[in-house]
Amino acid sequence: MRRNLYLQVFVLSMALFVQAGRSADVGWLAKVPARDRERANPYHGQTEAVAAGRRIFLDHCAQCHGDDAQGKGKKPSLRSPRVQEEATEGDVHWLLYNGNMGKGMPSWAKLPDQQLWQVVTYVKSLHE
Amino acid sequence: MHRLHRLFVIFLVIACTVAAAQERPYFVAYSHEMEEPGNLEIESYNVVGQPPGGNVFLGSTMEFEYGVKGWWTSEFYLDGQSTQSESTIFTGFRWENRIRPLLREHIINPVLYIEYENTSADKSLREIVGHDGAADLTTPNGEARTEVEREMEMRFILGSNVHGWNISENFISEKNLAGDPWEFGYAWAVSRPLALAASARPCTFCLEKFQAGFEMYGGLGDTGSFGLHNTSHYAGPTINWNAPSGVTLSFSPQFGLNDYSVPHLYRFEVAYEVDQFLSRFRRQPR
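One line per chain: the protein sequences are V and C, in this order.
Last residue of the first sequence: 128 (our numbering), numbering continuous.
Last residue of the second sequence: 414 (our numbering), numbering continuous.
Quick list of the computed label-pair ranges, beta carbon to beta carbon:
| # | chain 1 | residue 1 | chain 2 | residue 2 | range |
| --- | --- | --- | --- | --- | --- |
| 1 | V | Lys103 | C | Gly352 | 42 to 52 angstroms |
| 2 | C | Phe284 | V | Leu58 | 32 to 42 angstroms |
| 3 | C | Ala263 | V | Ala34 | 53 to 63 angstroms |
| 4 | V | Arg37 | C | Asn386 | 46 to 56 angstroms |
Chain C regions said to be covered by chain V (calculated; three or more residues, Cβ under 8 angstroms):
| # | stretch |
| --- | --- |
| 5 | 196 to 206 |
| 6 | 324 to 336 |
Calculated directly from the structure, the hints in this document are not laboratory data.
All values reported here derive from a predicted model rather than from experimental measurement.
All residues carry an ideal CB built from backbone N, CA and C; glycine is no exception.
Given these sequences and hints, build the entire structure.
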């Protein structure tokens with residue numbers, strides 16, 4: 001009887017743990033502080049920045065997200081409504097800077113801020 | 129047996145011609161930046177020097193650095209050295225793991241580092257601890273290799289990225305498992321890309337492909353005599369270039385800062401990064 005109780009508690013805990021993990025994955029946007037979300041992209045709409053951002057993207061991001069940013073395997077597409085419509089440029093910059101390390105997205109803080117914004121400009125240009 | 133050792137050195141030299149990477153131009157200090165998950169970086173670190181009263185040596189380390197998770201990097205090293213008028217020998221192996229406990233970027237980012245090493249007659253100078261000095265490097269290979277050192281090394285790494293600058297500090301502690309006292313050391317380094325924004329056109333020698341900086345490291349004695357005295361210290365400028373196809377070349381002339389140090393060290397590194405290494409062996413969906 002007690003054994004069954006332990007088993008139920010274990011299964012319930014695992015279910016909660018897995019659900020928490022999924023919620024965290026769905027909710028990276030919810031983690032972005034308002035101050036970061038509202039940050040303005042200094043390269044917004046600049047065609048030179050789109051070209052530079054694409055070069056950086058191909059060097060560092062395409063290995064996981066694909067050359068066309070459509071995603072690869074379990075790695076998400078960057079043309080999704082979440083990235084293109086829900087997320088602001090500040091949100092995408094925050095994700096690049098901090099990563100989502102628990103889910104396999106590394107921090108790209110090793111790149112200078114200017115290059116991160118150039119990547120943001122390129123990624124956001126995919127919507128057009 | 130000597131043929132095997134020569135083959136090892138030839139392997140290192142060949143590896144230099146094919147190896148690649150994208151990282152800071154540091155030779156002793158570690159930054160807080162992890163290897164990207166799934167990527168394998170193959171690196172060849174080399175140091176050339178001549179201790180006073182000793183022969184010219186080349187210490188080499190072949191590194192295989194793998195990003196296990198975004199917060200966990202594991203690295204395996206093979207060490208070798210060649211000393212003029214003596215011999216060329218395989219000196220041992222190391223295995224280290226770096227773990228980043230905080231999963232977001234902060235002003236100061238800590239990383240925990242733990243390494244097991246099994247070496248003898250090592251001249252790679254990947255860290256300076258305790259009372260390490262130039263005199264240790266004059267012991268003939270035949271004598272030095274009879275003493276196998278099994279050690280645990282731990283580092284507390286702190287790193288920051290500020291306005292394009294990377295600042296990294298390492299506090300090093302090392303314990304010989306045979307029972308010697310704890311030994312301590314330090315390393316710090318700063319670097320910055322020569323241009324912060326990327327250019328729109330493809331280029332090979334544009335400024336953002338170069339990083340330059342400064343590195344300093346040395347010993348801090350042991351549990352019996354902690355401090356900067358009676359140990360060696362080095363400092364020097366450092367630079368790297370991200371060459372095409374993901375190859376990174378780094379170079380640093382370093383200078384001994386006291387009589388315990390080798391007067392000059394010349395360090396160079398070649399690194400090559402293999403993207404998503406394990407996925408190359410998985411069957412691709414049709």
